[in-house]
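Colleague: Please put together the full structure from these sequences, using the hints given.
Just so you know, the protein sequences line up as chains A and B, in that order.
Counting in my numbering, the first sequence runs from 14 upward without gaps.
Counting in my numbering, the second sequence runs from 6 upward without gaps.
Take these hints with a grain of salt, some might be off.
Claimed, not checked - What follows is a list of derived Cβ distance ranges for each label pair:
| hint | chain 1 | residue 1 | chain 2 | residue 2 | range |
| --- | --- | --- | --- | --- | --- |
| 1 | B | A51 | A | D111 | 28 to 38 Å |
| 2 | A | Q187 | B | R69 | 20 to 30 Å |
| 3 | A | I29 | B | Q71 | 51 to 61 Å |
| 4 | B | D58 | A | Q106 | 32 to 42 Å |
| 5 | A | I33 | B | D13 | 47 to 57 Å |
| 6 | A | E185 | B | D25 | 28 to 38 Å |
| 7 | A | I29 | B | G43 | 24 to 34 Å |
| 8 | A | D186 | B | D58 | 25 to 35 Å |
| 9 | B | L53 | A | A37 | 51 to 61 Å |
| 10 | A | T162 | B | A28 | 55 to 65 Å |
| 11 | B | K20 | A | S15 | 35 to 45 Å |
| 12 | B | G43 | A | E182 | 13 to 23 Å |
These aren't lab readings, by the way, just hints derived from the structure by calculation.
Yeah, the Cβ is synthetic: ideal placement off N, Cα and C, and Gly gets one too.
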Amino acid sequence: MSNLVRIQRISRVMRICCTIIAFAIPPVLATMWATFSVWAPTHPELAHIRPLPDPMPPASLMLGFAISLIPGSISIYAFWRLRTLFGLYEQGQIFTADCIRSLRGFAIAIILFAVAKPFANALLSMALTFSNPPGQKMLSISVGSSDFTTAFIGCVFLIIGWTMDEGRELAEDQAQIV
Amino acid sequence: MPIIVTLDIMLATRKVKSKDLAAAVGITEQNLSLLKSGKVKGIRFATLQAICDHLDCQPGDILRYQKSDQE
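Modeller: The structure is reproduced here in structure tokens:
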């Protein structure tokens, strides 16, 4: 099996996976917020937001869902760019301008996700403690190592995109040599 | 481009059709047409060798250097 055939086969699977994930993100988020009372008390990312109102008011849940859509929509965009990229690989397009554009879009989305997540978490802490009595409302801002790791990975993909752009120029030059 | 491709002259001299040369060299007619019109960035030694072999000529018979006025 040639390398290109292998790339095309795996890319097809990856494209399907990315499509499923991109479409699954909104319903998964909606389900998570609908079952908030089940998982929230033990969720590590919400451990520092205490006390949580019991039961959580529907308005806070709706607000929480809306806030979680900020990083969620960035994730959808990232997976959509990946889907486009793998679709192009599937067609045998490796070093083309469209591939580079998709890879850069994915990299920028990852960096944006890393930036947006701490902001979304801060907004979430406000939304979830909004109905608490005075003195128990919270604004929690935290930046974790996972956020730095995500941003770092985004930067790596961005640089790989630039490197691939050099490869694209070489491929275009090569195509003009008979 | 200061390199002038004079392949069409050699083809006419040898009375060889482009289609036959393309088949003998193993490139497409479209690529041969691009080569004849000088719209390529380069030519592989293997292609040059095959063309010279088929037309029984030297590389200098199909390529010419013309110094540009700007230089």
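Colleague: Now look at each hint and say whether the structure bears it out.
Modeller: Status of each hint after checking the structure:
{"no.": "1", "hint": "B/A51 - A/D111: 28 to 38 Å", "verdict": "holds (31 Å)"}
{"no.": "2", "hint": "A/Q187 - B/R69: 20 to 30 Å", "verdict": "holds (25 Å)"}
{"no.": "3", "hint": "A/I29 - B/Q71: 51 to 61 Å", "verdict": "holds (56 Å)"}
{"no.": "4", "hint": "B/D58 - A/Q106: 32 to 42 Å", "verdict": "holds (35 Å)"}
{"no.": "5", "hint": "A/I33 - B/D13: 47 to 57 Å", "verdict": "holds (56 Å)"}
{"no.": "6", "hint": "A/E185 - B/D25: 28 to 38 Å", "verdict": "holds (30 Å)"}
{"no.": "7", "hint": "A/I29 - B/G43: 24 to 34 Å", "verdict": "violated (46 Å)"}
{"no.": "8", "hint": "A/D186 - B/D58: 25 to 35 Å", "verdict": "holds (26 Å)"}
{"no.": "9", "hint": "B/L53 - A/A37: 51 to 61 Å", "verdict": "holds (56 Å)"}
{"no.": "10", "hint": "A/T162 - B/A28: 55 to 65 Å", "verdict": "holds (57 Å)"}
{"no.": "11", "hint": "B/K20 - A/S15: 35 to 45 Å", "verdict": "holds (41 Å)"}
{"no.": "12", "hint": "B/G43 - A/E182: 13 to 23 Å", "verdict": "holds (21 Å)"}
In terms of the numbered hints stated before, the structure departs from hint 7 and from no other.
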